Amino acid sequence: MIEERFDAIVVGAGMAGNAAALTMAKRGLKVLQLERGEYPGSKNVQGAIFYADMMEKLIPEFREEAPLERHLVEQRFWMMDDRSHVGMHYRSDDFNEERPNRYTIIRAQFDKWFSSKVREAGATVLCETTVTELVRDDHERIVGVRTDRRDGEIHADVVVLAEGVNGLLGTRAGLRSRPTPDKVALAVKEMHFLPRETIEARFNLKGDEGVVIEAAGTISRGMTGMGFIYANKECISLGIGCLVADFQRTGQTPYGMLDHFKQHPSVAPLIAGSEVKEYAAHLIPEGGYKAIPQLYGEGWVVVGDAAQLNNAIHREGSNLAMTSGRIAAEAIAQVKSRREPMSTKNLSLYKKMLDESFVIKDLKKYKDMPTLMHTHSQNFFLTYPQLISKALQNFVRVDGTPKVEKEKATLKSFVKARSWTGLFGDACRFARAWR
Amino acid sequence: MNVEPSVRVEDKLYYNRYLVDVGHPHVTVREHTTPSPQLLALLKVCPARCYELNDNGQVEITVDGCIECGTCRVIAEPTGDIKWSHPRGGYGVLFKFG
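Chains as they are written, first to last, in the numbering used here: chain A, 1 to 435; chain B, 1 to 98.
Calculated from the structure, these hints are not laboratory results. Please read these numbers as outputs of a predicted model, since none were measured by experiment.
Under 8 Å between C-beta atoms, here's a sample of chain A residues computed to sit facing chain B:
#	residue
1	Glu38
2	Ala108
3	Phe247
4	Lys277
The beta carbon of each residue, even a glycine, is placed where N, CA and C say it ideally should be.
For reference, chain A alone in the conformation it holds in the complex:
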């Protein structure tokens, strides 16, 4: 056993773990952070979009030194059928600001830098160390962790579980249940390298401007899912994800869907001639508010993806991770400064503070959305995209048909596919879940 005792042990060096370790170290706590990867970031996978506001609360001057890719000036939403896409684009020069709001990043590189700041703040970061179980005392309190290193038992007042969506420790210890196939999506992603000028020409960008494309529709073959294309400086992150339960039910393969997405006539020209340098896969928490587990207990808190803190509608995860990590750390620092024990009662401060933040407020707003999307996936991801594509083609194609007849044909196609009550019901359900 390692005799040295820590105020806090943080398991994992992703966004949540780094935010927690940094915050506690800055407040003078003695922090040990354990990461199973070769270096912080080597096991972490994300699209990735990065949110400046949440980072400014941790490292205000991060823009000067963090490895950022492009700041986003444009967002495109594509609703796709097999040969078309209906797009809604928003681009604004307002996003070319001194302190841009969102960036694309490459996680392995970014996390390595983030971790260097955690070390600078005074935390001990130990890589290539897999935590195998949580250690309890006679009163069932969590008092430390056991690792795969020799003499691997280490003690601390509190353990911060930042172990990610597939975290084993919390579920093995019975602190929360394992995610079920209807609560997580599987996303696969490739990194496509192209010369910088080619990317800027294809995406209509100049300098470090960036763009995000998010795509839904027949590409997910009737399953609840989404595709994404993010422009980095010299590569494009391209991927697609669907609910694990849907993959299980349909027998579709993730790589088959990825290649299908890449071959779509709207996508193929963007990546033509690229060199692929990595293929990754990761789970994404999709259960929303109702899937959030118990967040604290005797000697422990859980943060980030491990706590299912992901906003599936806005595709936000890393900012919820950073914020929950920071807030948990602030709560722990407060308890510590009062010289009180890391008990369930005292650590409930974390939940109280998180409830007051955008993290829980946003997830609560969309609490009914996951169920709606999952139970009506055929309609929202297959039928409507096809209908809307056909309607717009009908609208723009000039073929001598009187406009009145065109409109009638469009309306008829909607009613035929979903019926009046179906259309009305879908609209109401959607509005209610969005509210």
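Given the coordinates of chain A, work out where chain B should sit on it, guided by the hints.
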């Protein structure tokens, strides 16, 4: 099993960096005579195609190309069909970009 022969997952995995922990697979399949529906689902859902049917119709795993997503754990750990742990520290997939 028809798993989209046009897509060669092996080629995709070739892009990745791994440090294989020889002799210590982090995921194992429980011995069985007839695979459960959960095990059969893994043949298609595993993004690295680590699961394959052997000549006796049983599901086998080769973890060398595993990208550690945990999808098989979500599907087949509850039924006891597989055992899932993280690779030992430093081993497994090493993402350059992530």
